[in-house]
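Can you make the complete structure from the sequences, with help from the hints?
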Amino acid sequence: MYRRIKKVLGGDILKKRGKGIGVTFYGTGYGNGFPDVSRAYARLLEDGKVEILVGATEVGQGAKTVMVQIASETLNIPIEDVILVNEDTSKAPDAGTAAASRQTYNSGNAVKIACENLKDNILQEAKKILNVNSKIGLVCEKGSVYVKTYPSKKVSFKEIANINNNLKGEGVFIAHTTQMDENGQGAPYWPYTFAACAVEVEVDTETGEVTILRAKLVLDVGKAVNPTLVEGQIDGGFAMGVGYALMEDVGLKDGKMLNSSFEKYIIPTSLDIPNIEKVLIEYPEDTAPYGAKGIGEPVLLPVAPAILNAIYDAIGVRFYEIPVTCEKILLQLNKG
Amino acid sequence: MFEFIGKNIKRIDAKDKVEGKAIYPQDIYIEGMLYGFTVRSKFPHAFIKVDVSEAEKVDGVVKVFTYKDVPGKNHHGVVLKDHEVFISKKVKRIGDPIAFVVAKSKEIAEYAASLVKVEYDILPAVFDPEEAMRENSPKVHDKDNVFYHFKIRKGDVEKAFKECDVIVENVYKVPMVDHAFLQPEAGVSYIDEDGKIVVIASTQYPHFDQEEIAQALGVSKDLVKVLTPAVGGAFGGREDITLQIHLAIAAFTLKRPVKAVYSREESFIAHSKRHAMKMYYKTGATKDGKLLALEAKIIGDSGAYASWSMNVLRKAAVHATGPYVVENVKIDSFAVYTNNPFTGAMRGFGATQVPIAYEQQMDILARKLGLSPIEIRLKNCFKEGSETATGQILEKVALEKCIEELKRF
Amino acid sequence: MNLKACYRPLTLKEALDYLEEYKDKSKIIAGGTDLIIKLRKGNINPQVLIDISFINELKGVLEVGEYMEIGCGTTFYDLASCILLNERLKGLKDAARSVGSPQIRNRGTIGGNICNASPAADSVVPLLALDSILTLESKKGKRKIYLKDFFKDKGKTDIRDDEILTTIKFKTPTKNQGLGFYKLGLRKSLAISRISFSVFLEIDDINRIEIIRVASGSVGKFPMREYKIENYLTGRILDEDTLNTALEILEKDIYERLNGRNTARFKSIAAKGVFKKALLKALCLAKGGGKIED
Amino acid sequence: MKIELNVNGKDYSIEIEEHLRLIDLLRDKLNLTGTKEGCGEGECGACTVIMDGRIVNSCLVMAFQAHKSKIITIEGVEDEDIKNAFIEEGAVQCGFCTPGMILAAKSLLDKNENPSEQDIREAISGNLCRCTGYNKIVSAIKKAAEIKRGGRNV
Chain A
1 MYRRIKKVLG GDILKKRGKG IGVTFYGTGY GNGFPDVSRA YARLLEDGKV
51 EILVGATEVG QGAKTVMVQI ASETLNIPIE DVILVNEDTS KAPDAGTAAA
101 SRQTYNSGNA VKIACENLKD NILQEAKKIL NVNSKIGLVC EKGSVYVKTY
151 PSKKVSFKEI ANINNNLKGE GVFIAHTTQM DENGQGAPYW PYTFAACAVE
201 VEVDTETGEV TILRAKLVLD VGKAVNPTLV EGQIDGGFAM GVGYALMEDV
251 GLKDGKMLNS SFEKYIIPTS LDIPNIEKVL IEYPEDTAPY GAKGIGEPVL
301 LPVAPAILNA IYDAIGVRFY EIPVTCEKIL LQLNKG
Chain B
1 MFEFIGKNIK RIDAKDKVEG KAIYPQDIYI EGMLYGFTVR SKFPHAFIKV
51 DVSEAEKVDG VVKVFTYKDV PGKNHHGVVL KDHEVFISKK VKRIGDPIAF
101 VVAKSKEIAE YAASLVKVEY DILPAVFDPE EAMRENSPKV HDKDNVFYHF
151 KIRKGDVEKA FKECDVIVEN VYKVPMVDHA FLQPEAGVSY IDEDGKIVVI
201 ASTQYPHFDQ EEIAQALGVS KDLVKVLTPA VGGAFGGRED ITLQIHLAIA
251 AFTLKRPVKA VYSREESFIA HSKRHAMKMY YKTGATKDGK LLALEAKIIG
301 DSGAYASWSM NVLRKAAVHA TGPYVVENVK IDSFAVYTNN PFTGAMRGFG
351 ATQVPIAYEQ QMDILARKLG LSPIEIRLKN CFKEGSETAT GQILEKVALE
401 KCIEELKRF
Chain C
1 MNLKACYRPL TLKEALDYLE EYKDKSKIIA GGTDLIIKLR KGNINPQVLI
51 DISFINELKG VLEVGEYMEI GCGTTFYDLA SCILLNERLK GLKDAARSVG
101 SPQIRNRGTI GGNICNASPA ADSVVPLLAL DSILTLESKK GKRKIYLKDF
151 FKDKGKTDIR DDEILTTIKF KTPTKNQGLG FYKLGLRKSL AISRISFSVF
201 LEIDDINRIE IIRVASGSVG KFPMREYKIE NYLTGRILDE DTLNTALEIL
251 EKDIYERLNG RNTARFKSIA AKGVFKKALL KALCLAKGGG KIED
Chain D
1 MKIELNVNGK DYSIEIEEHL RLIDLLRDKL NLTGTKEGCG EGECGACTVI
51 MDGRIVNSCL VMAFQAHKSK IITIEGVEDE DIKNAFIEEG AVQCGFCTPG
101 MILAAKSLLD KNENPSEQDI REAISGNLCR CTGYNKIVSA IKKAAEIKRG
151 GRNV
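Protein chains in written order, with UniProt numbering: chain A, 1 to 336; chain B, 1 to 409; chain C, 1 to 294; chain D, 1 to 154.
Hints in this document: simulated from the structure, not taken from any laboratory. Here the structure is a predicted model, which means the values were calculated and not measured. This list has only true hints and no planted wrong ones.
Subject to a maximum C-alpha distance of 16 Å in a straight line, what follows is the list of computed EDC-like cross-link-like pairs (lysine to aspartate or glutamate): (1) C:LYS148 x C:GLU230; (2) B:LYS15 x D:GLU88; (3) B:LYS282 x B:ASP332; (4) B:LYS106 x D:GLU17; (5) C:LYS41 x B:GLU265; (6) B:LYS15 x D:ASP79; (7) B:LYS7 x A:GLU282; (8) B:LYS106 x D:ASP28; (9) C:LYS188 x A:GLU202; (10) C:LYS4 x D:GLU18; (11) D:LYS10 x D:GLU75; (12) B:LYS7 x A:GLU80; (13) A:LYS264 x B:GLU266; (14) B:LYS151 x A:GLU182; (15) B:LYS173 x A:GLU321; (16) A:LYS216 x B:GLU405; (17) B:LYS221 x A:ASP88; (18) C:LYS188 x D:ASP119; (19) C:LYS41 x B:GLU107; (20) B:LYS15 x D:ASP81; (21) B:LYS15 x A:GLU80; (22) B:LYS221 x A:ASP94; (23) C:LYS41 x B:GLU110; (24) B:LYS21 x D:GLU78; (25) C:LYS188 x D:GLU122; (26) A:LYS335 x C:GLU251; (27) B:LYS42 x A:ASP254; (28) A:LYS19 x B:GLU375; (29) C:LYS4 x D:GLU17; (30) A:LYS142 x B:GLU3; (31) C:LYS38 x B:GLU265; (32) B:LYS21 x D:GLU75; (33) B:LYS278 x A:GLU321; (34) A:LYS256 x B:ASP128.
What follows is a list of derived Cβ distance ranges for each label pair: (35) D:ASN31 x B:GLU384: 52 to 62 Å; (36) B:LYS106 x D:GLU4: 24 to 34 Å; (37) D:GLY53 x A:GLU141: 45 to 55 Å; (38) C:ASN86 x B:ILE30: 54 to 64 Å; (39) D:ASN114 x B:ILE30: 39 to 49 Å; (40) B:ILE30 x C:GLU20: 41 to 51 Å.
Note that the Cβ used here is the ideal one computed from N, Cα and C, for glycine as well.
Here it is in C-alpha cells:
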C-alpha cells in the first residue's frame, strides 16, 4: 500500500533522462581582411633575463602565462627569466584586443617572431664573443650559448648583455584573411577551431527542473600551450553555456533591463555544473605559434545546443527559444 | 619535443591573486582623490535638457561634467563613432550617460547626481528589431535602423530545395545576455609627473582606449597612458568604453586624481550585451542525410549603438551553416538599431547564437531521416579540403576526430 | 542613508527600551541579510538601528514540554544543524538549508525571515505547516499569535513598532507524523524560490490522513496555508484518486488566486509537482519511522 | 561611533560612521583590498570573510555589528596548502572571486578534513565564478584537503 502511494506520488519515474550533442566551429580573429596586427618586442636585459613587451591584456584567460611560455620555448630560457610587460600602453606595443580568441594565435606569433629575432641577434653577438665563424653550430640553452660540438665554449646571456646592452627583437604578425565579395565569398577567418560536446540531462517532468548529469567536451586545440589553462577554459565555457541554455536573459521590457542585478540575473553556481570529461585533440596548425589555435570562445559554442538536444531526447519537446527555464518546460509538457 | 609548450606551467599571475594582492582598479586609493558618479538616462528615447546647477551647489561637489565639457570630440565607438561621451541632445537607450558628477566622496557624488535635473521630451521608441526594420518605425539615429546587411550566396538554393527529400524550417530566438564578469567596472585617472593623462582601467584593449581617450580630450595619443592592472573577467564586455573617457576628462580638467566604481547594477546598464537574434532557418537534405541547401535570415538586435554589430552579424552569417558542407547557401544577416541596451562583443561573437539554430536543425533532420545525431554530422562535417559556405578551402581539419570521440560518451 | 545611531543591546529588556524610545524611527536588525539591502536601496530609511544579534536569550532551540521553541535570533545554519530537531522535522531543516547561500545562512535568522514577510521566505513555509505560534514582546507585555494570522499583505505583518518577535513554537511531531518541504528555484544554490510547499502529515496504518497541513510560498502575497486542499484531504485515505482530485483542487485554487498574472498557469501546474514532492517526503517520514529512505 | 574588533590577529579600536558596512571598513579604512565587492547584495560571495569562525558576506554586515568580532580576510589566511592547491590545480583565472573562494574553502577545511565533492560544492555554493566553471576550484579544495591529511584517507 505504502509502496503504491509512493509510486503514485512519483519520485524517479517522473524524471526523464536524455543525451544530446553539439558540434561547432569558430573562425579566429577580426577577420574579413581587416588589418589584424599584433606587435611584440623582446629585449635582452642586463642580468641576462629577457623582457617581452606586448600589449596583450590578461583578462583571466591566461595570456600572460601563454606569452611567457612561448618566449621561454623560443629562447630556451627558464620561465623565471622572462619578464613580461603588458600593462602599460607607454611601454608595451599594440597587440590588438584580448578578444576573438586571437591572443594566443596572433600575439603568440608576434612574441615568437620577436624572440626568434632576438635570438638571432644574440647568436650573432655570441658568434663574435666565442670567436666562431658561423652561428650555425651554436646552441641556445638555459640562458647560455655554446658550440654544439664543443660545449665548454660557452657564454651566458648575462655576459652577452654586458658586452652588448642593445640586443632586441621585434615581432609583427598579421593574420591572413580576405575581404569577402558581394556574395559573401572569400576566406574571412583563419584558423578555424572545432569543438564537440555531449551532455546527459535529467528533466523533472513535474517541476521542469533540468539537471546536467555529466558532460564531455572535445576540443581541437592545434596544440595546447598549457593544458591546464585549456581545461580551465573548457570548464568556464561549459558553465557559461549552461547559463545560456537554461538561465540567462537580461529581461527586456520597453528598453529596460529587468534583470540588472545578481539576484535576478541568474548564472550557474557550483551546484549546477557537473564534472566534465575533456579531450584535447592536437593537430598543430601550421601558421600558429607551435601549432596553438585560439580556444577561448570555441569551448562555449557547442554547449547550449548539446543541452537543448539532450532535453529533446529526454522529454520529446523542442525548444526554439532560450533560456529553457522550468517554466517553459512545464508549460510545454502541459500544453493543450 | 618542447621544453615549455604543452607543459602545465603555473599561472604567473596566480600567486598575487590567491593572496589578495592582485590590484584591480577599485583597489587603488590615492591621497586627495575625487569620486565620480554617472547620471544616466531613465528613458529609452527622448530629447533632453540638462540643468546641473543644483547639483553643483552641493557642498563637496567639485564639478559636474556634461557634453559641454568634453575638450575634444564628444564621441567614441569601436567601429562607428556613434556613442556620445555625454549625450548632447537625444538619449537613445536607458542608461545613456548624461553627466558625470565629481565630488570629494562617493556619497556626495551620488547624492548630487540625484539633483541633476534632466528634462525628457519623450519620443516614440522601437524595441523589436523586425519592427525597427519597417520604413515607418521610429528612427534611432535619424537614418535607416538597418545599418548592416550581409549576404552569402552560393549555388542555387531554390533549385536545391526542390531536390531535397527532407526540409526542416524553424524560427529560433535567443535573448540578450550579459557577460556578468565578477569585477564591476572601475577606474582611476590622474596626471603623472611627466604631464601624461593616466587612465587605470580594466579593459580588453588598452591601445584602442588610449586612442579614444585622446580623441575625446583633443590631445595627441602620446599624452595618454592606459594602465591595465588585474582585470576581473571580460568576455567581450570590456571592448567598448564605459568610464575611461569620463575619468580622463575629469582628471584632465581638474588636475586631480578621480576614481569611479560601478555598482553591479550600473555595470549591467553600462556595458554591451550579447546580441539577441531571431534566426529563420530552412535546411534541406537528401534521404541519405546529405545536406543540400540552407537558407537563413538572421536579425540581430544592435540596440542603441553599433558597437561590433557589423562584425558580429558577419560572423554569425559565416558560421550559420555550422561546420558542415552545404553546396547551396543563401544567408542574410542584418544589424538593426533599436532603443534597447546596446549589444556588442560577447564570447563567441555571433558564432554563439547560430548553433542554437543549426545544431537543433541537424538533430531534427537526423530524426526525420532515421539517422543518429552522430551519423548525420559525420556525413556532412568539414574534412580536409572541404569548402565552406564562403568558398574557403579548409586544411588541417580535426573535426571528424572530435565527433568520433563523442561515440564514447 | 540617514542613520544617526546604532545600538547593540545585550538583553531583550534593553532592546525593548530602545524600541519604546524610537519606535517607527528605528528598525530592528539581526542578520541583516535583507535589511541592509533595503537600507542601501533606500526602501527603508530609519534613523536608528537596534541590533539584536548580540542578545543570547533570543538564540537557539528549546524543548518545552511537547513543544519546540525557537528563538528569533537563531540563524538558518543553527537551525539546519540543530540536533534537538528530530528527523520528522526534516522539512524545516531542508527549508533552512535552502535559504540563499552558506554565507546568508550563517547570518540570516528565522525571526528576520518571518518579519520580512516576503512571499518567497523559505523557512516560513514549514513553520506554517507546523501551525507555529509566535510570541511578540513589547514593554507593555507579551502576546501570542498564530503564524498563519501574522501576515497582512506583501511585506506587511501584524507586528507593532514597539514589538519584537521573540520566539516561534510548534508541537514536536511524533509517531505517524512527518514534515516535508520542497522548493523549486531557478538554480541549485543562491536560488530565490519560484514556488515552495511544505506538508505536515499524520497518517494512520490504513493510510487515512488524520491531520494534514499544507503551506505554500511564492504563490500569493505572502506564505500561506492551503486550506482547500487540507480540507479535502483530511480524513481521507490517501490513494491515487484522492491524490488526483486533491491536485486538481490545488491547481484550480492557485490558478484563480494568481489569475491575471502571466505566471498563473505555470505556477498552478508547478504547485502540483512541488506539493507532491513535499507530501512524499512527509509521507516517508511519517511512515518510515522518521527516516527518509533515499 | 567606536567599535573594537580583531582583524587577521590584530586588535583595532576604530571610529566608524553608522552607515558603514564591514566591507567598507575593511577596504576603505583598513586598506585590506583583497576583499572584493562584486554585487553589494550577498549574491556573489566575492566579499566573503570569516567572522567568528563562519563565512559571511561582508557587504551584508554593518560595521557596527562586527564589534568584538574576530575577522579573517584573505590577507590573514596563513594556510599555504589551500593557496598552493589553487595555483597548482589552475583554480585561478581572473582572480576576482578567488579571495572569497579561498575563505569559503578554509572555513570548510577547518571543520571537515575529508570533505566529499558534494560537501565542497555546497561550501562554495555562495561564491559565484564566471571564469572557471568551478571544477578546478573543487579539485583544488580536494587536493588541499589531501595535503592537509598528509595523504591519509579518513
